[in-house]
Amino acid sequence: MQPTESSQANDQATQNKASQPSWATSENEFLCSVFHSMLQARILENKLSSLYKAGKIVGGVYLGKGQEAVSASLGASLIRDVDYFAPLIRDQAGRTAFGEDLLDCTRTYLGSAQGPMRGRDGNIHRGRPTEGMPAMISHLGAQLSVLAGMLFAKRLQGSLEGRVGATCIGDGATSTGAFHEGLNMAAVEKLPLVVVVANNQFAYSTPNSRQFACNDLIERARGYGIGGFSVDGTDLLSCASVITEAVRRARSGKGPQMVVAHLLRLSGHGEHDDGSYVPDHVRAGHYGRDCIEIAMRQLVEMGAATPEQIMGWQESIAADVQRAVAQAQQEAGPDPYREDWSALSTQFPLPIRAQATTQPQDAIEPTTPFA
Amino acid sequence: MSVTYIDAIHEAQDHLLRDNSSVFIYGQDVASFGGAFKATKGLSEKYPGRVLDSPISEDAMIGLAVGAAIEGCRPIIEMQFADFSSVAFNQIVNQAATHYYRTGVPIPITVRLPSGGTAGSGPFHSQSMEGIYAQYPGTIVVTPATVADAYHMLVDSVALDDPVIFCEHKFLYRWLKADSIRGEHLPIGQASIIRPGKHATVVAYSAMVHEAVRAADRLKEDGWEIEVVDLRTVKPIDMDTVLASVARTGRLLAVGEAFPWGGVTAEVISRVVAEGFHLLDAAPQRLNSRDTPVPYHPKLWAAHRPTPESICEALRKLLSF
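For the protein sequence lines, the chains are A and B, in the order given.
So for the first sequence, the working numbering puts the first residue at 18; every next one is plus one.
So for the second sequence, the working numbering puts the first residue at 836; every next one is plus one.
Since the hints were made in silico from the structure, they are not lab data.
Among these hints, one or two may not hold up.
[Claimed, not checked] Coverage of chain A stretches by chain B, computed from C-beta distances (three or more under 8 Å per stretch; other residues unrestricted):
| id | segment |
| --- | --- |
| 1 | 169-176 |
| 2 | 356-366 |
[As the list claims (entries may be wrong)] Calculated from the model, a selection of chain B residues having no Cβ within reach of chain A, i.e. all distances over 12 Å:
| id | residue |
| --- | --- |
| 3 | Phe-872 |
| 4 | Lys-873 |
| 5 | Arg-1053 |
| 6 | Phe-1094 |
| 7 | His-1113 |
| 8 | Asp-1116 |
| 9 | Ala-1117 |
| 10 | His-1132 |
| 11 | Pro-1143 |
Just so you know, these numbers come straight off a predicted model, no measurement behind them.
From the three backbone atoms N, C-alpha and C, an ideal C-beta is built for every residue, glycine too.
With the sequences and hints as input, model every part of the structure.
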């Protein structure tokens, strides 16, 4: 958990009130809130898995099992209504921590027309783009430049200060051109973009050895001229401290930051996949640890939470999840006969505009509709 | 005073930047250099911070535009050549074009594609990509053929709330002149009959409009009156204007500079056949480039694309039925 850059000695903490999440009144409270999101994601995703296996979910189910500490630490380091978060497929915990409504998840997975995607897109391809959470496309690395654009717009509008954009991607996504183009562009534009790479060692079934040839993906940060951090993704305490630091640096004007979290995906790529390509010795190794169990032990040992409290959280989360599933299941799906089947917001034919062409040549400056 | 097609594009961008603070231009070499074709010359000085050089990253350029559009901007992205937009294909068709349907949030971006062939430009600086982008839901694809359209359609494109692929023809940049950037201002989505006739209809767009008019001039010497329809917008296609013209002439030739497999001309023919079969007195014809990459040598290039000669030949055949 060492930053690869040590130029932070003179770092002036930004005085902007947005620089610290308001609820982070103490480290213990922060850790408990991160853990709560991890727990909620795990309980929710276990439910999604059951629903999938029972044939209640059409299409894929993608879980973040084993990646909750990383994802929730990122989501919790961000400020809703200020920051942007572009989650990927294993970021239920980050979504929860950022403040996504449980119903957005269950409605999208279960095809309710009342979900944010209205049945037009499913599962993890959901978002609320005008509320700081763009909806991912399946093409990996594509969200980096979109986040860069959201931040770029804020700079143009004079309201970038104190704001960050963050996204999670996997080891496989670092091989795409979009990843390179997006991160390089964000670096050139010096935008406050935080990219958390969850190196879970397999991109679907392809191991790191067939994905990249550098020793550690963190080496790439130097190549992009950005801050780089490495962290044990199974360890909540490390994740929380490293990721919040990366976010803080981006927020204080130090440009893009990249965090590489080492861990192992504890499920298949999707619930259709048993992950049998992961060798036993890897599963049994350090990164095969379950971050939730580790976190629980850490919180209890440091006195941040008691086992009873955690049990209580589990029970109330399970009830919340059950309610969100039940509600989404009761709601109607989209109606193909009432769907407007239009991919454009523009309605054609357009009216003929009364405009300046009838006026004498060069009598006035030509006008645009914005004039 | 005469203004060129590229002047109109420059002027439109100048006025858009002037009138709307949410407009910005992002592209390779567009800032102090003024763009490969000088379409943004002087604008970065006039509008500081709003005309910016991008890295050579077409995919990320469009991604950035999409993100900025979500946050209320109206970006204009200049692709240095239409051909290079293939690198941005994913962001255009999968990110920008799906966004409104998926999320309900429209993406008002305008992607300028310097399109089409000029002598000596070769396979990678000559392409016409309109058909590719039109094939995907969620795009509006425009192909201005006149100086006035270059101005008005660019202004109107930026005002639309959806992604617009603005195909501007490089051959027309300095060759095409007019007295003013004004002139007739039709809305996007409406075709225009730029030369009335009664014996056959040529549906064309972009630079091919001018080749079609030349062909019509030649056939006039033989007494044929050819109607030329400028599509102006290839998506959506104004079928009302096309069908009305075919109803008058009974004969249709669709001309495009793009490759011959599928594309705009095929779409026009298939729609006319489906919607106006009874209007046709002869099998409709189409003329496109040859089915090879666009060649470098001027002699090969001139024979690769439709020319007034090949359009005349196709029309004579059409008129002989």
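Now for the hints, and whether the structure bears them out:
no., hint, in the structure
1, 169-176, "holds (count 5)"
2, 356-366, "holds (count 7)"
3, Phe-872, "holds, 21 Å"
4, Lys-873, "holds, 20 Å"
5, Arg-1053, "holds, 31 Å"
6, Phe-1094, "holds, 25 Å"
7, His-1113, "holds, 24 Å"
8, Asp-1116, "holds, 28 Å"
9, Ala-1117, "holds, 29 Å"
10, His-1132, "holds, 32 Å"
11, Pro-1143, "holds, 30 Å"
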